[in-house]
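With the hints as a guide, bring both chains together as one complex.
Read top to bottom, the protein sequences are chains A and B.
Under the working numbering, the final residue of the first sequence carries the number 113; numbering is consecutive throughout.
Under the working numbering, the final residue of the second sequence carries the number 111; numbering is consecutive throughout.
Source of the hints: derived by calculation from the structure; they are not laboratory data.
A hint or two may mislead.
[Said to hold, decoys possible] Beyond 12 Å from chain A on every Cβ pair, some chain B residues (computed):
| hint | residue |
| --- | --- |
| 1 | Asn52 |
| 2 | His57 |
| 3 | Arg80 |
[Unchecked claim] Just some of the chain B residues that point at chain A, by a computed CB distance under 7 Å:
| hint | residue |
| --- | --- |
| 4 | Leu43 |
| 5 | Glu92 |
| 6 | Ser97 |
Cβ coordinates follow ideal geometry from the N, Cα and C atoms, glycine included.
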Amino acid sequence: EAQVTQNPRYLITVTGKKLTVTCSQNMNHEYMSWYRQDPGLGLRQIYYSMNVEVTDKGDVPEGYKVSRKEKRNFPLILESPSPNQTSLYFCASSLLTGADEQYFGPGTRLTVT
Amino acid sequence: SQQGEEDPQALSIQEGENATMNCSYKTSINNLQWYRQNSGRGLVHLILIRSNEREKHSGRLRVTLDTSKKSSSLLITASRAADTASYFCATEETSGSRLTFGEGTQLTVNP
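Bound-form chain B, shown alone (with noise of 0.2 Å):
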C-alpha cells in the first residue's frame, strides 16, 4: 500500500533555482528518507530524518518534517543540471520495520 505520496509529480526549473518537493503520508511513522534515482538506475539514499527531529542538512539539500501535517519537504538549493534526477520519500511506519516508498517527483533541471 502506498503511504507516501510525492509532490509535484514533475517540475522542471532553471540551473541555479531552488527546487521543493513535498512529501505527505497516512499513518504515524518511526522514520522517513528520501532517495535519488537517475533514470533507469538503482535509488540512491540522500538523507533520514526521524520522528522526533524537525529539520536536518546534508550539503545542498534540506529537509524538513512536520509530523502533526504528516508531511515532509525536500529542498535543493542551487539546483545543478546534474540533480535531474527522480526524487523519492520513504517511510517506515510505527507498525512496522520495512520502507514504503512514493511514486516519485520527476526533477528536471535546465542548463
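Looking at chain A on its own, in the form it has when it is part of the complex (with noise of 0.2 Å):
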C-alpha cells in the first residue's frame, strides 16, 4: 500500500530534549516536506526535500532541522524543543514538486512543556 508514514504519533517531551519524528515514503517520491498545524495559523511548511542530499528551508524553519541521505526517509529534528514548538506536524511527499498531488502522513502530535 502507497503510504506516507510518520513515527512516534504521539510525542509529550519536556523542553530542551532533543527528539526525532521519522518519515518514510514508500512511493519513490523526489519531493518531501514537513509542516506544522497550529489553530487559527492554518499549514505552515517548516522545510523540504527536492532529492537525496538537498534540502530548503520553508516558511517556519527556525528550531528545526532535517536530512536526507535516504530518498524514502526525511527524519524531522528539534534539537533543543521548546514549549512553542507544541503542535501537530504532519510529513508529505509528492512525485517530483512541491506542486503536484501531496500525500500526507497521519500526523505527529508534540506537546513539549
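Here is the structure:
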C-alpha cells in the first residue's frame, strides 16, 4: 500500500530534550516536506527536500533541522524543543515537486512542557 | 504567507443538502488543489484544477476556478455525515513550485 508513515504518532517531552520524528514514504517520490498545523494559523511548511541531499527552508524553519540521506526517509529533528513547538506535525511527499498532489502522513502530535 | 483563504470558516448542514466552500487567493497561480482532513488526521487530496480550466468534477465533487476573480469553489452534492471534515484549498503560485494552504473550512453534516 502506497503510504507515508510517521513515528511517533504522539509525543510528550520536556523543554530542551532533543527529539526526532521519523518520516518514510514507499512511493519513490522525489519531493518531501514537513508542515506544522496550529489553530488559526493553518498549515505552514517547515522544511522541504527536492531530492536526496537537497533540503531547503520553508516558512517556519527556526528550531528545526532535517536530513535527506535516502530517498524514502526525511526525519525532522528538534535539537532543543521549546513549548512554542507544541503542535501537530505532518510529513508529506509528492512525485516531483511541491506543486504536485501531496500525500500526507497521519500526523505527530507533539507536546513540549 | 497565507495565499488561499477559505470561506466560510465553518459550515453546518443537514445530510442530503449541498455544501459550497469558497477559496480566494492573492497572486497568479498555476494550479489550485482541494484537500480534506478528518479530525486530527493527515490531509487527503481531493482534486486539482489548473489555471486554464474552469470546472472539474469528481464523483459528488465539483470545483470551479475563476482566475479573473482569483477564487475557487468546492461543491459537495448530496452530502453525507461521513463528509464531515475540514476542507483546505492549496495554491501553486506561478512564481514558485510549492503549495500554500489556506486555514480551511470546517464542514459538519448532521444526520
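Earlier hints that do not hold, by number: No hint contradicted; all consistent.
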